[in-house]
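For the sequence shown, this note's numbering begins at 1066 and goes up steadily by one.
You can take every hint at face value.
Below are the DSS-like pairs computed for lysine-lysine, each with C-alpha atoms no more than 27 Å apart in a straight line:
hint : residue 1 : residue 2
1    : Lys1185   : Lys1315
2    : Lys1353   : Lys1212
3    : Lys1185   : Lys1353
4    : Lys1244   : Lys1215
5    : Lys1215   : Lys1353
6    : Lys1215   : Lys1185
7    : Lys1315   : Lys1212
8    : Lys1203   : Lys1185
Listed next, with one range per pair, are the computed distances between beta-carbon atoms:
hint : residue 1 : residue 2 : range
9    : Asp1213   : Leu1377   : 36 to 46 Å
10   : Cys1257   : His1351   : 25 to 35 Å
11   : Lys1212   : Ser1165   : 32 to 42 Å
12   : Ser1195   : Arg1262   : 18 to 28 Å
13   : Gly1316   : Glu1277   : 17 to 27 Å
14   : Ile1176   : Pro1337   : 27 to 37 Å
15   : Thr1264   : Arg1291   : 18 to 28 Å
16   : Asn1333   : Tyr1245   : 44 to 54 Å
By construction, these hints were calculated from the structure, which means they are not laboratory data. Every residue, glycine too, gets a C-beta built ideally from N, C-alpha and C.
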Amino acid sequence: MSSLTSLVPVRASELALGIASPWPIYNQAGELLLARGTIIETQGQLDGLVENGLYRNANWVSEPDTESVPLPQSRDELRKKLAEGKPPLKPAAAVRGAESVITLDQVRWQIGDTLWLQFKDDAQQRYSVSLVGCLPNKSVLVTAPMKDGKQLFIREGQALVVRALSGKRAYAFSANLVKYQQTPFVYLHLSCPREVRSTVIRRDARVPVSVEGFLSLGGASPLPARMVDLSMGGASLVAPTLPGRVAAQKGANGQLRFVASVADQQLNLELPLVLRAAEPAGDPDHLKYGVEFAGLAVRDRLVLSAYVYQELSAQE
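Whole structure, please, built from the sequences with the hints as guidance.
What follows is the structure, encoded as structure tokens:
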């Protein structure tokens, strides 16, 4: 490994007896404990790994190292399983750009998640809405989109494309407006799709959070911001519309400052970032920003890693 800053913790629950390790496993000092593809055969082996501390290379997807080659033992085990007609080992994790077609019930959206509506006759414009609920084989319920602070009227039968981001994936499906409902509040019934396209766009899974901080972009003064999700690679946050078009341009450099509560310690983070997206947030005075962290200091990477995995564990 080129640097210990790439190490991130591995939970013991991510490894199992009789299953090949999906990554090379290291201890805290960066020493290889287990090559990728090695099968843990006994509980004693698993307990020994846990005692040494479990870590993997966060850059594994894009920067595999030479120590990750499966041991001959694991290749022999795979041949044995295939010869016996048993299921093969767990396939490698999906990589960025991989696309699949799934059903709606396989998408783990939560009520209140942000979706984007895109009209087929106006593909350049997207409107953010919130998921209200879903009735299988009936309809998907979302709030009404807003434009210039006013609710946007959509005629029934209007063709739409619905998009969403969740975890490592982007989702999209075609739908029609079934019903524009005005009571007890304005919301939409969208047709339930038979299939949803799912594309891997991120290397790191994001964990939902609600953390206040400050966002600076393009040299503009810091603005109060609320993070809605976070990963080792970036974050989504809601903040006021930045003054001036230059400050909110994609590719603009900036900084995110917030306090991370880790192991009962309040630790300040100042993370350099690059703006990747700016979408309407349902409020004309605010935007939802997507940012990618870049050039993190060693200390900040370690604190961020501990905080992200702490939040992931708390929500499982």
